[in-house]
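A.B. asks: Between the sequences and the hints, there should be enough to build the whole structure, so can you do that?
Protein chains in written order, with this note's numbering: chain V, 1 to 220; chain Z, 1 to 146.
Derived by calculation from the structure, the hints in this document are not laboratory data.
Now the stretches of chain Z that chain V is said to cover, found in silico as 3 or more residues with beta-carbon under 8 angstroms:
1) 29 to 38
2) 58 to 65
3) 69 to 75
4) 98 to 112
5) 125 to 138
Pulled from the structure, derived: some chain V residues nowhere near chain Z, Cβ distances all over 10 angstroms:
6) Arg14
7) Arg18
8) Leu20
9) Gly56
10) Ala60
11) Glu80
12) Gly176
13) Asn178
14) Phe189
15) Val193
16) Ile198
17) Leu204
18) His207
19) Ile213
Beta carbons: idealized from backbone N, C-alpha and C, even for Gly.
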Amino acid sequence: MTLGDTIYKWIDERFKLRELLQPIIKHPAPENVISNPLYCLGGTAFLCFLILVITGIFLAMYYKPTPLEAYKSVEHIMTEVPMGSLIRSLHHWAANTMIAAVMLHMIRIYFMGAYKKPRELNWVVGIFLLLTTTTFGFSGYLLPWDQLAFWATKIGTGIAGSIPVVGGYISLILLGGNDIGAETLTRFFAIHVMILPIAIAVLLGLHFLMVRIQGISGRL
Amino acid sequence: MAIAENKKYGEEEKKTEPVRVRGLPFFPHFVLREVVVMCIVAGFLLILASVYPASLLKPADPFDTPSPIYPEWYFLYVFGFLKFWIYDVGPIPAKIIGVTLPMVLWYGLLILVPFIDRNPSTDIRTRKVAVTLGIIALLGVLYFTY
Ligand code: HEM
Chain V
1 MTLGDTIYKW
11 IDERFKLREL
21 LQPIIKHPAP
31 ENVISNPLYC
41 LGGTAFLCFL
51 ILVITGIFLA
61 MYYKPTPLEA
71 YKSVEHIMTE
81 VPMGSLIRSL
91 HHWAANTMIA
101 AVMLHMIRIY
111 FMGAYKKPRE
121 LNWVVGIFLL
131 LTTTTFGFSG
141 YLLPWDQLAF
151 WATKIGTGIA
161 GSIPVVGGYI
171 SLILLGGNDI
181 GAETLTRFFA
191 IHVMILPIAI
201 AVLLGLHFLM
211 VRIQGISGRL
Chain Z
1 MAIAENKKYG
11 EEEKKTEPVR
21 VRGLPFFPHF
31 VLREVVVMCI
41 VAGFLLILAS
51 VYPASLLKPA
61 DPFDTPSPIY
71 PEWYFLYVFG
81 FLKFWIYDVG
91 PIPAKIIGVT
101 LPMVLWYGLL
111 ILVPFIDRNP
121 STDIRTRKVA
131 VTLGIIALLG
141 VLYFTY
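C.D. replies: Structure follows, in structure tokens:
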């Protein structure tokens with residue numbers, strides 16, 4: 001018996017690992033799902049998400065969310081922190097790839113009709129995932145506090161602010177005042193690293209749970 | 001070895017549950033493919049990140065408006081639509097429509113897709129209306145993005 005087997009057996013005797021794992025391991029996935037690469041898009045989005053979590057945690061160790069220090073801290077990450085440039089660039093590219101993958105995933109679901117009964121609610125959860133993902137992008141765009149970040153956010157919040165009825169509130173909530181400033185930056189930071197991660201974790205949990213219960217629709 | 005064992009298990013299940021089980025076990029087949037794809041994607045991201053590092057422009061200056069200002073690419077369609085729609089409808093100014101349509105109505109419509117499309121078929125040949133509308137929507141978003 002190898003070491004791995006021994007450890008497995010030790011845990012298995014205590015936690016009935018076999019009973020827990022067996023249905024997961026043997027759960028059948030339709031054959032064409034395994035051979036057709038279009039079904040990889042959801043998994044790709046999820047991988048990007050995992051990379052974003054890890055690189056994001058490292059970025060948060062150096063980033064400072066104040067107008068005076070934000071830019072300098074990002075510059076510091078890019079020029080002095082070991083591997084800082086790689087981590088930030090990975091965060092950047094994983095974010096863009098995730099959004100592209102989510103959109104393509106959604107297009108696949110649409111054209112394959114995979115949202116039909118019984119998967120209607122998973123589509124709805126999916127739309128909220130799309131919203132959450134793009135809001136991640138929007139809130140992250142401001143954080144480096146460079147010229148583009150500042151002005152793109154100014155226009156973006158301006159657009160959100162001119163939605164009838166709710167626009168004024170959205171703008172106030174986002175900006176934390178009448179104009180972009182220190183309040184806005186800390187808010188966007190909190191949204192980006194606290195609120196949205198919790199939201200997406202809940203939504204992803206629901207999404208995967210539903211895929212698990214309902215199975216992936218098998219036909220092409 | 002493991003693969004052979006799982007195949008056998010799959011066949012046994014087929015006998016008892018003929019309807020649902022027409023596939024290969026989640027592990028290792030599905031997981032293996034997923035891991036392969038993930039390695040490829042991760043490698044691709046590493047190369048992108050090393051060759052094209054994320055940019056950092058000049059520090060923000062509230063008194064100096066740069067040009068051009070562009071948002072992330074996935075919001076470009078909102079800007080594009082806002083520029084395109086210059087028509088007031090009755091008392092509603094063009095700008096309100098230009099903002100509301102691509103954000104509020106578009107997402108509302110997306111959420112309702114499974115409830116609007118009641119056609120139970122998943123065969124692309126019998127879903128002509130849904131497929132046509134889908135292609136139009138796709139081209140529309142691409143057009144406004146551009
Ligand atoms: C953070 C974003 C998302 C992640 C990580 C994700 C992940 C996944 C994964 C891994 C699957 C299994 C099948 C596959 O990979 O194709 C799946 C299925 C599904 N997803 Fe997503 N998804 C996301 C966003 C969305 C969006 C935006 C929609 C649609 C609006 C959506 C709707 C669905 C539906 C309906 C299924 C079931 C498909 C079927 O049974 O064939 N998801 N998702």
